[in-house]
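Heads up: the protein sequence lines correspond to chains G and E, in order. Each residue of the first sequence is one higher than the last, beginning at 1 in the working numbering. Each residue of the second sequence is one higher than the last, beginning at 1 in the working numbering.
Take the hints with a grain of salt, since some may be wrong.
Claimed, not checked - Think about it this way: if two alpha-carbon atoms lie no more than 25 Å apart in a straight line, the pair counts; the simulated SDA-like pairs of lysine to any residue are:
#, chain 1, residue 1, chain 2, residue 2
1, E, K55, E, N7
2, G, K102, E, A86
3, G, K70, E, N98
4, G, K102, E, E52
5, E, K63, G, G42
6, G, K13, G, S107
7, G, K102, E, K59
8, G, K102, E, T68
9, G, K102, E, D84
10, E, K63, E, N12
11, E, K57, E, V110
12, E, K59, E, D39
13, G, K102, E, S85
14, G, K102, E, V45
15, G, K3, E, S85
16, E, K57, E, L74
17, G, K55, G, H29
Since the hints were derived computationally from the structure, they do not count as laboratory data.
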Amino acid sequence: DVKVTQSSRYLVKRTGEKVFLECVQDMDHENMFWYRQDPGLGLRLIYFSYDVKMKEKGDIPEGYSVSREKKERFSLILESASTNQTSMYLCASTPGGGASEKLFFGSGTQLSVL
Amino acid sequence: SQKIEQNSEALNIQEGKTATLTCNYTNYSPAYLQWYRQDPGRGPVFLLLIRENEKEKRKERLKVTFDTTLKQSLFHITASQPADSATYLCAHPSDGYNKLIFGAGTRLAVHP
Numbered sequence: 001d002v003k004v005t006q007s008s009r010y011l012v013k014r015t016g017e018k019v020f021l022e023c024v025q026d027m028d029h030e031n032m033f034w035y036r037q038d039p040g041l042g043l044r045l046i047y048f049s050y051d052v053k054m055k056e057k058g059d060i061p062e063g064y065s066v067s068r069e070k071k072e073r074f075s076l077i078l079e080s081a082s083t084n085q086t087s088m089y090l091c092a093s094t095p096g097g098g099a100s101e102k103l104f105f106g107s108g109t110q111l112s113v114l
Numbered sequence: 001s002q003k004i005e006q007n008s009e010a011l012n013i014q015e016g017k018t019a020t021l022t023c024n025y026t027n028y029s030p031a032y033l034q035w036y037r038q039d040p041g042r043g044p045v046f047l048l049l050i051r052e053n054e055k056e057k058r059k060e061r062l063k064v065t066f067d068t069t070l071k072q073s074l075f076h077i078t079a080s081q082p083a084d085s086a087t088y089l090c091a092h093p094s095d096g097y098n099k100l101i102f103g104a105g106t107r108l109a110v111h112p
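Excised from the complex, chain E in its bound form:
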């Protein structure tokens, strides 16, 4: 069955650096991928959606790439700030498009 793999280890970076998070998927290639941010004790919040025909998508300091050959999406936060510290979840539709499948998320910690 389809799986989404995100690095389970926390990513620790220094303020001002670029954070890069990875999302890998198995089996079929989805038509699009979504990224969400989740703060402790809160529900996820939608950030970006990238379609399979879009190599790259940007929103302010966020950039997402989608490589269907590598079966991978990368999520970048440039000029990172302590306020960016959160867990970031990757998701894509199931093959029947009736639900979203989520990765377990990667926790990002940005240190001053």
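The following block holds chain G by itself, in its conformation from the complex:
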């Protein structure tokens, strides 16, 4: 089975801190995604990547950046964390081809910014 691993289940950070969320997948998938999930709003796409060193903005990229130096790893960076970035962050991957194939998700990181 595909495994998508997010480095932390829970994180607590202070306003203004730089935050790194790490995601690793073990099935050589081409596409990787970062979503955030808030009650009543569903999943919203932050950034995605089709290939190493490649990135595309999703629907809500403001305040975030990403890095994909290796195929298996996709990092989400909050340059200066703010309280409105408190959320559940979900990483996902798909094998290749269309980026709208079924997604394999990690377990999520619940980030609290105080």
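With chain G held as given, fit chain E onto it using these hints.
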């Protein structure tokens, strides 16, 4: 812009009954719809995909329908069990097919 609407109110049903969840979409008709299950504090897990030329798709106790005229998909769980309690998300590709658009999900609670 395209939106997916799922009932935000929780659905409470008795064990053994059939649960029916609704997914409505606006504007363009997608080539397919996907359904995911999400347990509290976990990431969503893919369940089923139904294409626009498939009226119905089944997998064990799960059944999904896709009505392009009504712009609606229905998700059924027959002989429901307490273990089916979770949030169920509907999703479909964007018009550029470069991402999935998700509904907010409907929480299902199956009571013994």
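Quick rundown of the hints versus the structure:
no.	hint	verdict
1	K55(E) x N7(E)	holds (22 Å)
2	K102(G) x A86(E)	holds (19 Å)
3	K70(G) x N98(E)	holds (21 Å)
4	K102(G) x E52(E)	holds (16 Å)
5	K63(E) x G42(G)	holds (23 Å)
6	K13(G) x S107(G)	holds (19 Å)
7	K102(G) x K59(E)	holds (16 Å)
8	K102(G) x T68(E)	holds (20 Å)
9	K102(G) x D84(E)	holds (21 Å)
10	K63(E) x N12(E)	holds (19 Å)
11	K57(E) x V110(E)	holds (23 Å)
12	K59(E) x D39(E)	holds (19 Å)
13	K102(G) x S85(E)	holds (22 Å)
14	K102(G) x V45(E)	holds (9 Å)
15	K3(G) x S85(E)	holds (24 Å)
16	K57(E) x L74(E)	holds (11 Å)
17	K55(G) x H29(G)	holds (15 Å)
The structure meets every hint from the earlier list without exception.
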